[in-house]
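*Asks:* Take the given structure of chain A and dock chain B to it, following the hints.
Chains as they are written, first to last, in the UniProt record's numbering: chain A, 1 to 448; chain B, 1 to 401.
Just so you know, these hints were derived from the structure itself, not from any lab.
Sample of chain B residues facing chain A (criterion: CB under 7 Å; computed from the structure):
#1 D44
#2 K319
#3 N321
Residues of chain B placed beyond 10 Å of chain A at every Cβ, according to the derived structure:
#4 R230
#5 N240
#6 I358
Covered stretches of chain B (in silico footprint by chain A; criterion: 3 or more residues with CB under 8 Å from a CB of chain A, positions within the stretch not fixed):
#7 137–145
#8 160–167
Note that the Cβ used here is the ideal one computed from N, Cα and C, for glycine as well.
Chain by chain, the residues:
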Amino acid sequence: MTKTTVTRRGVLKSGATAGAGLALPTIFTASSAAAYMNEPTGGTVTLGFNVPQTGPYADEGADELRAYELAVEHLNGGGDGGMMNTFSSKALQGNGILGKKVQFVTGDTQTKSDAARASAKSMIEKDGAIMITGGSSSGVAIAVQGLCQEAGVIFMAGLTHSNDTTGKDKKANGFRHFFNAYMSGAALAPVLAAQYGTDRKAYHLTADYTWGWTQEESIKAATEALGWQTVNTVKTPLAATDFSSYIAPVLNSGADVLILNHYGGNMVNSLTNAVQFGLRDKMVNGKHFEIVVPLYSRLMAKGAGENVKGILGSTNWHWSLQDDASKAFVKSFGTKYGFPPSQAAHTVYCQTLLYADACERAGTFNPCGVAQALEGFEFDGLGNGKTLYRAADHQCFKDVLVVRGKENPTSEFDLLEVVEVTPAGQVTYPPDHPMFSGGMLGTCNAGA
Amino acid sequence: MLGLDKKDTTLLIIVALLTLGAPFILNPFPADSAMAQFNAGYPDLMQRFVIFGIFAIGFNILFGLTGYLSFGHAAFLGVGSYSAVWIFKLFTYNVLPAVALSVVVAGLFSLLMGFVSLRRSGIYFSILTLAFAQMSFALAYSVLSNPRFNLTNGETGLQVYADDPQLFHSDRLPDLPHLFGLSMRATYRLDLGGWSFDFNAGYYLCAVVLMAVFYLAIRIFRSPFGMMLRAVKSNQQRMNYTGLNTRPYTLAAFVISGMYAGLAGGLMAAMDPLAGAERMQWTASGEVVLMTILGGTGTLIGPVLGAGFIKYFENIFSKINDNVLHGWFGFLPDGLEDAMVFLVHPFIGKGWHLTLGILFMLVVIFLPGGLVEGGQRLGRWIRRRRGGKDGEAQRKTEPAE
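Same shape as in the complex, but just chain A (with noise of 0.2 Å):
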């Protein structure tokens, strides 16, 4: 290196000027003037639809922004208000929200936490969006649900289905209506027992993140209540694409009932390699052996095609439901995209419309308000019959379904059947249930 000769007044200088660097952040601490943040002044009011576009889950991310502007036309007033003719609240009255005309931003979340934050965050500093929701994975939840917490403003969860959403790394200001883990398992165990019996031997083949493991905790758990032995849970990496070596130790470990606690692109290749390897026309221990997909998607059931005939699993919300609400929907969403809603569609749509609503109940946009208008909600007509919000842990009770594979499909989207719609009741956990333990709420916060 060059030779530097220190002298006493190059130091005083340098010195100095990095005091005067190191101070100058100190003035612009200032905080803004207004009561929270955000607060929309003009006439209209912004929302963050926060999807991913590109990734394993631009599917369900393309359906949730499809749902996404379908409801802010219902909102504002246009189309032919879906679900808000169904809705058992009535404070909405199709002029925007609390009179505010209704606009919305969108982001890209790669299905990265990292990713999801930043363009959260960008909608929330740059397009000033009072409310951010979406989103297809609950790693993404949980991240997004942090950041909107410690910038105070409103997150409505899109799909999430861990259990940890709204259990160890639950918000105040994060809110879920999708169903997660452990109502899966309470809602299918019955059925499962109902149909193969109580005395039936499984076997897991798990994602291994987060999620798989709240599934399979919560599955085997629900099973083993009934009767049924566990005999092997094996971890598989998420990024597999063929799942031949898992499942050809299913053939001998002597079980007759495979769960396949995986999602997206992992279920389809897994459910795949599972019915190459002929285990539906197995015969084990005396009984035909069976396959469950805990967590079902429709989008999943047309990746899988003829494979998801007769497989059993859950799921929050159908389109062929009969109730007015879910027919208003189906009708309002397929005029304007020409085909029915998937799940994602549904339950991002209620979130905008419950956010709405209790903006308009509270009479403010401030987060903390909302939040209280929407803890321990009580309403009807989204599709769903009875919820409850609950105020302990911001989840949303209400009737699960559980599925089968169509055997025979009249359309490319008429896959799933509904067996049974579990009642709420049965479905409803304490907030403090070992599986959800662990996170504090925490109180609202409103920014600013």
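*Replies:* Okay, now just chain B, sitting in the frame of chain A:
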């Protein structure tokens, strides 16, 4: 000044002006105009520009000087983030110890990784680093996040919870990363007419760090050590034949660039206290390679420009949706409007990868030296225009050389 020659001093001053004035430079459009979509002067993106700039500067010390193409630098970034968040969880929200620890841990980790990987060069080195990084990713994503020993919290990412010990935290301090009480989220908004400018404490901390590490990078580039690294790039074999052991030099360069990455990771966690595993994925390592090549390998300011370029596309173009397009082309007749939206649609929103890819190809094909070469050509062209006949004469004499 500070032991730099005139040219480098100018460069350092330019970088300082750019970083300190970024809130103005990046917000050229009034906040309620249609062009505000292209404003990038909000705290999160400015922080990202600077942090990835630091990451790319460090990467360039290895790749630009020695020519060793590492495909695993994201691992150091991730390790840095995890260390910082652990400091937040266990001790304090003050960012200084957190960032310091991330640099140290990333340094140690890169020493280990470099010691093994640098036994090979060329493509084998790249593959070894890639393997290491993917290994770290898999460890962070699932292995080290099991309930018995939860170091990384897996898919969800490591976060600070209200019931974490935080030994040195007190109620007087903000419940967010801070520098001796100054919250990193503190932002002062200056409204001037239709324009609004955000001055964010966290951003200015990053900016000061960037200037410091940029200065350090200049000193490394100009030092005999830097010369040795360049020699490794031009012909390592010959150096070995002359009896010189190059391994310590390359290892030092590797560790230095790993520490830069750790610093970037620590700052990232300091700006937003969450560390996710996908920060270590190979795509993240690939991104920094792209940044460096796009900006100009081996140049001082190139990587910073490349980092800004990529982050701008990721954050601004991905947010343009059809609604925005209809707003832009609304003045056209209906049929033409729809046609324009249809034409532009594939390049915005989820198509930002495509736009970036096309621009990357154009840069690599027509400006092999990256954006810096583009700047140089532009400068030469202007000088020629201004110089008039003089420049003409100079150009004509060139072939004679």
